[in-house]
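When you get a sec, could you build the whole thing from the sequences and use the hints?
Which chain is which? The protein sequence lines are Y and E, in order.
Residues 315 to 685, numbered by this note's numbering, are exactly what the first sequence covers, in order.
Residues 982 to 1206, numbered by this note's numbering, are exactly what the second sequence covers, in order.
There could be a bad hint or two in this list.
Which stretches of chain Y does chain E cover? Using the computed rule of at least three CB atoms under 8 Å from a CB of chain E, they are [claimed, not checked]: (1) 485 to 498; (2) 565 to 576; (3) 621 to 634; (4) 642 to 648; (5) 653 to 663; (6) 669 to 679.
Listed below are several chain E residues computed to face chain Y (Cβ distance under 8 Å; list not exhaustive) [claimed, not checked]: (7) GLY993; (8) THR1037; (9) LYS1040; (10) LEU1043; (11) LEU1089; (12) SER1130.
These aren't lab readings, by the way, just hints derived from the structure by calculation.
If you're wondering where the values come from, they're calculated on a predicted model, not measured in any experiment.
All residues carry an ideal CB built from backbone N, CA and C; glycine is no exception.
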Amino acid sequence: MPEETIQQSLASQGVSRRDFLKLSGVLAAAMGLQLPPLEKSGLPAALGVPEQISPTEQTILNALETKQRLPVIWLEFQDCTGCTEAVTRSVSPSLTNLVLNTLTIEYHETLAAAAGFQVEQAKQDAMKKYAGQYILVVEGSIPTDLDGSYCVIGGRSAVEQLKEAAAGAAAIIAVGNCAAYGGLPKAKPNPTGAKGVWEIITDKAVVNISGCPAIPEATTGVIAHFAIFGTLPKLDKLNRPLTFYGKTVHDRCLRRPFYEAGKFALSFDDEGAREGHCLYKLGCKGPTTYSACATIKWDQGLSFPVQSGHPCLGCTEPNFWDGGGFYEGQSAPLDRPTITAVGAAVGVGAALGIGTALVNQSKKKAHKGES
Amino acid sequence: MSSQAVLEFARGPFFYFALLFMLFGLAYRLFNVISLGWNKDRVVPMGSKSKGVVITFLKAFLIWPFIPWVKDTFNRNPLIYIGGGLFHLSLFVVIILGTPHMLVWKSLIGLGWPTLPLPVVDWMSAVGIIAMVILLINRRIHPVLKLISGPAEFVAWLFVFLPMITGYMMTHHIGGSYEALYARHMISVDVLMIWIPLSRISHFVFYFFSRAIHGQEFGKRGVAV
Ligand code: HEM
Ligand code: HEM
Ligand code: SF4
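Below you can see the structure in the form of structure tokens.
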């Protein structure tokens, strides 16, 4: 029921005024609007009840008390539902609840109770009723080859469904690397012609919450930002919100001192690995990967891949499946000539070298013979 | 085009092309020179040729660099000797013993080795960069060098200098995002690789070749150098 204000909906679910105040602080932190910024402090530190209400929090409170709940249409194309899983299971319950309470999810394949024609009809109705107001969230890449016939829902292709839903959307959010940049389906040789949302919808801003899966706090943070301020947060060149994608994993990595000292784990079970040394030589892509992984972490700030001993795969970056071997150093070239290619280059070079030398010599001899 | 895309190009197809071009070009030049042939040697050798080769190399790498003052090359121009020596040492440390570069070798030849801590490599690369700048200034003001240095020498200097300075900037995150710096480093490396066979920078192949020839001559004549 989007007609209810967010605060009313929370109150009807038994959220107290005190908790409500606390949540506005959490939200401000989640959106990176309040000091200490999320990036520096990590989320859990911001979970305490604020002593005083800051101006930003006041704005948020006012918005929550007056704004109506936001209709959301969530489309899934070539995806694995991992990003939905991440959001619905994120163990940051207050934040997620709050965001879910600020939303009315009008259509979501995985979460909908209805199925088939009914759910399609419900989507059509919602798009009509909330035209120009709803948030469109897209999960999964969009296949474009063979007229988009690799992904067809309710008899219509993903491309068609996306364009239709995008036309009436107030904001478009691509969740996960697949929706943002094509992800796994786009990996070479990209058999379905998979594309990210922003390659197809070019007349509207698309916020890319990349990642595999996308960090749930980033997804909910951006949705909350739009719900409260009616605007999108600041984005980087790849359309990722700067609050969450402003720094690399390497910039904030807890193994960084070992990188500087040149202490590396050389295998997953050596002394270096046990000592928590840097994973660069095991293929870590942290230096070129922009993500809040190292600060927000996962499971309520418990850990993230590099912390638990696995090199960063670079999952927030375009083409990360083709960005070099996952376990190969990040400076390794992406395209390596085969032995045959090297042999051919050297062989042809040598043959040409010898050839021209012989030709020149015989010319010289002929010349000598003449004189 | 995003820096990420430029970087992918410079680490991918451009690198591939540059590497093959370099190998092709070096093979061409080396075999071209070798097949010019030698004059028939009719003199009875006074000593072992292969021993001569081994001795010259050992002396070049293990003795002269540590007592350079006994050599004319040093005494006539210590600045070039020291500057050039430090530059090559820096180059060796950076591209063989620096971690990211070792990983390039490992991915190409399948063999890795221990590397030096970042600060050591970093200081060495600063030394190399400063040495290069000094060598350049010397080239501009030295009365003889000035005369024998044409555009090719300065282009060669630039194409070697660019990977050094972009690599250093990348390590220190100066002048842009990491991928942008990385992309610049890779482009300059690719350009260098293409330029190597076209220029005198190919001396690192010919050096061993010509030193071997000299050693052989020395050995043959029983000269102790
Ligand atoms: C084993 C490999 C190498 C050997 C034995 C070698 C040897 C030499 C020698 C004997 C000189 C002339 C004397 C001097 O200026 O110091 C020289 C100059 C030079 N080398 Fe190398 N070199 C090697 C590799 C390289 C590589 C890989 C590069 C570049 C990527 C390079 C770049 C230069 C430059 C730019 C100069 C001119 C320096 C100047 O302006 O005085 N060298 N090298
Ligand atoms: C495929 C070839 C190459 C790749 C992939 C590569 C990659 C890299 C990377 C990843 C760094 C480290 C940046 C950091 O610490 O964050 C670096 C640094 C550097 N590179 Fe390269 N590089 C290559 C070739 C070269 C060549 C040919 C030269 C010199 C002629 C060079 C000179 C340097 C220097 C001077 C540094 C700075 C080292 C320091 O200050 O610690 N690189 N390179
Ligand atoms: S583990 Fe990865 S992100 Fe962390 S310091 Fe090493 S290279 Fe950087």
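Structure-based check of each hint:
1. 485 to 498: Answer violated; 0 residues pass the 8 Å Cβ test.
2. 565 to 576: holds (count 4)
3. 621 to 634: The restraint on the region 621 to 634 of chain Y holds, since 3 of its residues have a Cβ under 8 Å from chain E and three suffice.
4. 642 to 648: holds (count 7)
5. 653 to 663: With 7 residues closer than 8 Å to chain E, the region 653 to 663 of chain Y meets the three-residue bar; holds.
6. 669 to 679: holds (count 4)
7. GLY993: holds (4 Å)
8. THR1037: Violated, because the Cβ-Cβ distance from THR1037 of chain E to chain Y comes to roughly 25 Å (cut-off 8 Å).
9. LYS1040: violated (30 Å)
10. LEU1043: violated (27 Å)
11. LEU1089: This interface hint holds because 6 Å falls under the 8 Å limit.
12. SER1130: violated (28 Å)
Consistency note: the structure conflicts with the earlier hints numbered 1, 8, 9, 10, 12.
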